[in-house]
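Number of protein chains: 2
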Amino acid sequence: MSLLVIGTVAFDAIETPFGKTDKIIGGAASYISLAASYFTPKINIVAVVGEDFPKSYIELLENHGVNTEGLQIKQGEKSFFWAGKYHEDLNSRDTLITELNVLADFDPIIPKKYQDCKILMLGNLTPSIQRTVVERLERRPQLIVMDTMNFWMNVAWDELMITLKLVDVLSINDAEARQLSGEYSLVKAAKKIMAMGPKYLIIKKGEHGALLFGENQVFFAPALPLEEVFDPTGAGDTFAGGFVGYLAKSEIINFGAMKRAVIYGSTLGSFCVEKFGTDGIINLSHQQIEARARQFMELVTV
Amino acid sequence: MSLLVIGTVAFDAIETPFGKTDKIIGGAASYISLAASYFTPKINIVAVVGEDFPKSYIELLENHGVNTEGLQIKQGEKSFFWAGKYHEDLNSRDTLITELNVLADFDPIIPKKYQDCKILMLGNLTPSIQRTVVERLERRPQLIVMDTMNFWMNVAWDELMITLKLVDVLSINDAEARQLSGEYSLVKAAKKIMAMGPKYLIIKKGEHGALLFGENQVFFAPALPLEEVFDPTGAGDTFAGGFVGYLAKSEIINFGAMKRAVIYGSTLGSFCVEKFGTDGIINLSHQQIEARARQFMELVTV
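For the protein sequence lines, the chains are S and C, in the order given.
Using the working numbering, you'd call the opening residue of the first sequence number 65 and step up by one each time.
Using the working numbering, you'd call the opening residue of the second sequence number 65 and step up by one each time.
Treat each hint with caution, since some may be false.
Any copy will do: because identical chains look the same in the list, a pair fits if it lies in one copy or spans two.
[To be verified] Here are the simulated DSS-like cross-link-like pairs (lysine-lysine), alpha carbons at most 27 Å apart as the crow flies:
no., residue 1, residue 2
1, Lys252, Lys149
2, Lys269, Lys252
3, Lys269, Lys339
4, Lys87, Lys182
5, Lys106, Lys138
6, Lys252, Lys84
7, Lys269, Lys256
None of these hints come from the bench; they were simulated from the model.
Computed from a prediction, not measured in an experiment: that's the story for all the values here.
Here chain S stands alone, though its shape is the one from the complex:
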């Protein structure tokens, strides 16, 4: 039984008040897989890159136990590329470049070996592609987790509504939850969004932590107050990766397990923002992860 991750594998170029990068490895599926790799050895990825994508980046994923059989490499084409610049407080950013390239006609082909799937993680993509992946699985996975963003609410509302009905957990940020529901109160927003399909809802609030709703309960995981936040890129995907990675090795999947999964998601996210790009999550030890997860739990222990 394994974790199937679908999403972008791409180039990012990032500028924050603390520095800038050239084209480095980015994309939702990259961050998700790397984060999940600390919890489960069976990760399968479905994504697409161009022939410009360095072999070393694919090896980085493989060295973390990620099966890249489902990573399509399109000869003569270029990888998806995003460039962005963060504002002084790191809470907002401007997109400088978005080149869809190979993503424009991405057809998510699922290798036969990937069919036996416990958890499906739908990284942020066109809702119709996310739905296609669900439809191409012969058996429904035990849990389907979906990420999306405000962009799809603006341009693909109807498709988004259809895909939402197919998933168990939706993971979005507070602004997206407010836009999706039309409610400012996150409690009211959660009720409306769960009526759209997902049985569980995670609302990420960045430096203010994350809320988990479901089974008529609510759980709050704080964010660790950090001395330095270097680069928030990928923090949400890393959170999702820690979340699904933890659940992939969990015997029972219920609200209790999801609470712990949210803590581990937040833990991985906190490592992510301390360095540029994926640098913060490619060289972690289990000891480091456990020590920081304890910090998260102690932070709120009365």
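Take the given structure of chain S and dock chain C to it, following the hints.
Below, chain C without anything else, positioned relative to chain S:
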């Protein structure tokens, strides 16, 4: 041994997207005393009002066990009056009217009976008046807690620095912590502010909870996700009132006791924002308070 509260007792006129009030009872010392009254029976107040201040409001305080011997009533003068209007999201507001009136030449006279004081709560006021109160106490209280605001950082920096050296706990919001320290990271801000005098620092983040720093530790109390927030006026003072009220009945005052005090401060604050002005905190039962405090603790229980 008692709790001595100094601050404003005043009129507020509040407008939120959900309604508006005429002149109602307001002021930091009113909210602090009312909130603290659920924890400790010995509350002494030092404040000033004009002859326009209704007897019924003074009786409201007295009915909550607040000793108003130190509440000066200035004949022929008018009470401090603030009017404000909240924006749609309730996170920001415009001040419409500020009439200092009796506050302009407030001399905080401390009745003899008030001298035996365990905890001194300095509600938001000119730092020089806050300092005067500390100097007029014959024995230093076991704990001095201070609230302040960005306004004093702008117009009375030097006075503020002197007063900060005299207190044990400073309670401010995140924007104020950033302004006071010149640091965006709250961890860095806390270090700088504690170097200014206070051994403990509370950073209130409104709907995002509160952080407590001190004794080389950090504690985070979440805010309860509420379905309705009606009026945030007085929430910070109510928080402070719950905090000092809880500590006033606590035998030992250390970081552990302060963690629980922050939970009870947050609990009272959550009741405050559910109704207009002080309406949410004048008719609570101990059962209600305990049940909600449990909700706060369960919210983060893994």
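Hints, verified against the model:
no. : hint            : in the structure
1   : Lys252 x Lys149 : between (33 Å within a copy, 24 Å between copies)
2   : Lys269 x Lys252 : both (16 Å within a copy, 21 Å between copies)
3   : Lys269 x Lys339 : both (20 Å within a copy, 26 Å between copies)
4   : Lys87 x Lys182  : neither (33 Å within a copy, 61 Å between copies)
5   : Lys106 x Lys138 : within (25 Å within a copy, 76 Å between copies)
6   : Lys252 x Lys84  : between (39 Å within a copy, 23 Å between copies)
7   : Lys269 x Lys256 : both (18 Å within a copy, 26 Å between copies)
Taken one by one, the earlier hints fail for this structure only at number 4.
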